[in-house]
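Engineer: Take the given structure of chain U and dock chain V to it, following the hints.
Chains as they are written, first to last, in this note's numbering: chain U, 16 to 429; chain V, 16 to 429.
Simulated from the structure, these hints should not be mistaken for lab results.
One or more of the hints may lead you astray.
Which copy? The list can't say, so a pair holds if one copy fits it or any two copies do.
To be verified - With a Cα cut of at most 27 angstroms, we get these calculated DSSO-like pairs of lysine-lysine:
1. 28 <-> 224
2. 17 <-> 224
3. 366 <-> 182
4. 61 <-> 50
Protein chains: 2
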Amino acid sequence: MKQVLEQARLAKKASYSMAILPSNVKDKALKDMAKALMDNRSYILKKNQLDVENATTESKSGAFLDRLKLDDERIEQMAQGLMGIQQLPDPIGETVSMWRRPNGLEIGQRRVPLGVIGIIYEARPNVTADATGLCLKTGNAVILRGGSDAIHSNKAIIDVLSEAAYKAGIPQGAFSLIEDTDRKSAEALMQLNGLVDVLIPRGGPGLIKTVIEKSTIPVIETGVGNCHIYVDSDIEKSMANDIVLNAKVQRPGVCNAVETLLIHEKIARNFLPELATALEKHGVEIRGCQKTRDIIECSPANEDDWHTEYLDYVIAIKIVDGIDSAIHHINVYGSGHSEAIITSNYFKAQKFLNEVDAAAVYVNASTRFTDGFEYGFGAEIGISTQKLHTRGPMGLEALTTIKYVINGTGQIRE
Amino acid sequence: MKQVLEQARLAKKASYSMAILPSNVKDKALKDMAKALMDNRSYILKKNQLDVENATTESKSGAFLDRLKLDDERIEQMAQGLMGIQQLPDPIGETVSMWRRPNGLEIGQRRVPLGVIGIIYEARPNVTADATGLCLKTGNAVILRGGSDAIHSNKAIIDVLSEAAYKAGIPQGAFSLIEDTDRKSAEALMQLNGLVDVLIPRGGPGLIKTVIEKSTIPVIETGVGNCHIYVDSDIEKSMANDIVLNAKVQRPGVCNAVETLLIHEKIARNFLPELATALEKHGVEIRGCQKTRDIIECSPANEDDWHTEYLDYVIAIKIVDGIDSAIHHINVYGSGHSEAIITSNYFKAQKFLNEVDAAAVYVNASTRFTDGFEYGFGAEIGISTQKLHTRGPMGLEALTTIKYVINGTGQIRE
Numbered sequence: 016m017k018q019v020l021e022q023a024r025l026a027k028k029a030s031y032s033m034a035i036l037p038s039n040v041k042d043k044a045l046k047d048m049a050k051a052l053m054d055n056r057s058y059i060l061k062k063n064q065l066d067v068e069n070a071t072t073e074s075k076s077g078a079f080l081d082r083l084k085l086d087d088e089r090i091e092q093m094a095q096g097l098m099g100i101q102q103l104p105d106p107i108g109e110t111v112s113m114w115r116r117p118n119g120l121e122i123g124q125r126r127v128p129l130g131v132i133g134i135i136y137e138a139r140p141n142v143t144a145d146a147t148g149l150c151l152k153t154g155n156a157v158i159l160r161g162g163s164d165a166i167h168s169n170k171a172i173i174d175v176l177s178e179a180a181y182k183a184g185i186p187q188g189a190f191s192l193i194e195d196t197d198r199k200s201a202e203a204l205m206q207l208n209g210l211v212d213v214l215i216p217r218g219g220p221g222l223i224k225t226v227i228e229k230s231t232i233p234v235i236e237t238g239v240g241n242c243h244i245y246v247d248s249d250i251e252k253s254m255a256n257d258i259v260l261n262a263k264v265q266r267p268g269v270c271n272a273v274e275t276l277l278i279h280e281k282i283a284r285n286f287l288p289e290l291a292t293a294l295e296k297h298g299v300e301i302r303g304c305q306k307t308r309d310i311i312e313c314s315p316a317n318e319d320d321w322h323t324e325y326l327d328y329v330i331a332i333k334i335v336d337g338i339d340s341a342i343h344h345i346n347v348y349g350s351g352h353s354e355a356i357i358t359s360n361y362f363k364a365q366k367f368l369n370e371v372d373a374a375a376v377y378v379n380a381s382t383r384f385t386d387g388f389e390y391g392f393g394a395e396i397g398i399s400t401q402k403l404h405t406r407g408p409m410g411l412e413a414l415t416t417i418k419y420v421i422n423g424t425g426q427i428r429e
Numbered sequence: 016m017k018q019v020l021e022q023a024r025l026a027k028k029a030s031y032s033m034a035i036l037p038s039n040v041k042d043k044a045l046k047d048m049a050k051a052l053m054d055n056r057s058y059i060l061k062k063n064q065l066d067v068e069n070a071t072t073e074s075k076s077g078a079f080l081d082r083l084k085l086d087d088e089r090i091e092q093m094a095q096g097l098m099g100i101q102q103l104p105d106p107i108g109e110t111v112s113m114w115r116r117p118n119g120l121e122i123g124q125r126r127v128p129l130g131v132i133g134i135i136y137e138a139r140p141n142v143t144a145d146a147t148g149l150c151l152k153t154g155n156a157v158i159l160r161g162g163s164d165a166i167h168s169n170k171a172i173i174d175v176l177s178e179a180a181y182k183a184g185i186p187q188g189a190f191s192l193i194e195d196t197d198r199k200s201a202e203a204l205m206q207l208n209g210l211v212d213v214l215i216p217r218g219g220p221g222l223i224k225t226v227i228e229k230s231t232i233p234v235i236e237t238g239v240g241n242c243h244i245y246v247d248s249d250i251e252k253s254m255a256n257d258i259v260l261n262a263k264v265q266r267p268g269v270c271n272a273v274e275t276l277l278i279h280e281k282i283a284r285n286f287l288p289e290l291a292t293a294l295e296k297h298g299v300e301i302r303g304c305q306k307t308r309d310i311i312e313c314s315p316a317n318e319d320d321w322h323t324e325y326l327d328y329v330i331a332i333k334i335v336d337g338i339d340s341a342i343h344h345i346n347v348y349g350s351g352h353s354e355a356i357i358t359s360n361y362f363k364a365q366k367f368l369n370e371v372d373a374a375a376v377y378v379n380a381s382t383r384f385t386d387g388f389e390y391g392f393g394a395e396i397g398i399s400t401q402k403l404h405t406r407g408p409m410g411l412e413a414l415t416t417i418k419y420v421i422n423g424t425g426q427i428r429e
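Chain U extracted, bound-state conformation (with noise of 0.2 angstroms):
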């Protein structure tokens, strides 16, 4: 793996001039990248007809290949957003606070770059260009490690940015794309203390999990979301009713969707057969507790099913005594992501907010909020379900961190 350590070592070298890069450096280079992935479109479409074949040949899932194949469409949303984040303010250089003491040390704390970061990613080669363009605006180095399925895709937008980037004045070594996507070369990567400074992960529950076994260098974790919505016995039964449907059915296959309902037991009678109709109608699968089942028809929910995040047109729905068991339950089962109360009662709203432990939690909205663009930051590498320095959806800050900067004029300790 001395190929990884090589680009690990550039990368290295590259991030100490992009820590100084003024910001219209950075963002003539986000535009110029954007324009050469517009202008390059039928050489990354025609890398990624290759990816696509070989998925077809190994007779991958319709979803897979979705988010595999790429169009003149996809490409566009890729330029659009590295424009996006060109017009966000550049956080670095921003001096968070400054103080001085009574020795007349000032002391200042500077928002600078993480430095290099590294991110291992499955079959999505939008990420490719995502996290570059984040990662440049925010003068950190990048050293991506995508899936062998997408592996012609990543290596033709990874080169077709880093040349435009190159030209615009940004370092070079300063994106790298890791062309060996055996488990071998990932592995190398995690192994990097010293060289890279975090490491995101970005897929499935296996892929993180590895992550957080075998890595030595501070990982973000991100994504997995088994999120519950407790419908309170004090309700407007029409704004929970359309809050469960928005957090099913509007985007299963995301991590906020919601995966488990707990409603209260005083109002489940009432409540539960009018949304069931509701679900059914868009072809939601429901796996219910027995008292569930002594009002609906339903298949039954056991121990997995609380622990499931199915991603999928399906729910497990539990009636709980009140408040304090709908939080026992998530705060036993949740992945710490996102998690709502419908309620009309003040008193259960702030307890809810005060006790349920994750990085967002809701009163009478839809778990389909938790994200980086809804939240207003603008751009999103993730959502962080670690509480180790981000929490939730990350924007560009996360990707920083401070230092302190002192002003002395010969202060020495007595």
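Structural biologist: Just chain V now, kept in the frame of chain U:
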């Protein structure tokens, strides 16, 4: 390692209650804990005596015994530490920012505890009291794993603290000490991803390396300080002299003491002889590069010296051809802790602040100031040398995270 798992489960359970404890309960507990330490001095000293006797039998070094041994004054310092923490404002519950989205959602970032904090440390019994106090103030449960050399002292301290705290309303299980000091108990703790939210190792490079390699829990890397001072060609000689001396000899055994001095070649012949005399007067051994040895008599410095954190009366000296070489040396050999430039030149000061990659970068001040108390935080749990989550001296905020709290009125995603 069933016992460690059981302690972690209890800590996790307690952490939910800890997170919502009112400040006045936490502050009352801190006061009672301080009083309990004072009231139980003779019990703690008796237990400490066992550790000291074992260490003496094992012929441990004087410095080791000094760190281990307690007396009335040291116990009083621990108690005063707890009182100091009690007087700081409670960071938990602060809404860091809150904004309204176009769809009416109110999104707030609220400061909350990390949850369960694991601390692995070596033979300093005072860490037991400090860490417990800091975790309590920030609403975290804590699992302590101290070294075998201090086990009797640690057990006595945690027993005294827990009894007082639990009486004052702190939930059972919020504090725990792993009594088994076998290597395996530490490794078991490092694997508790999902139960323990963050691990903070406090000790030598060997301990920190092990934790980074074995932990599946997010780690905050602390302490290793291979710190530099660069003495530029434009200086006030006496200021440079005072700062270097202070950074080396005021307390050589700590992480923010200077280890390597870089000197501009134009000033070396004028500056070095006088400094060397002063250093030697303080008993400091000098190891110099060839150019240094052309000016003063000293032993030779080799590649190893540039890498070494001496933590002792030793300093390495290298003569460089200017600020770029100095910055390059620091970014290659430094541990990202504390770095200083001595200069009268504005542009060089700015360049050094911008280009050195470290937690704390100083102009015309001693590196010895990198410290939570010196920065005005009123407390310190360690000094982070990593970039994720927290960098430099860690006060109370470093033991917190945020959660998004979102108030809606029925919003669903289009």
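Engineer: Which earlier hints can't be squared with this structure?
Structural biologist: none
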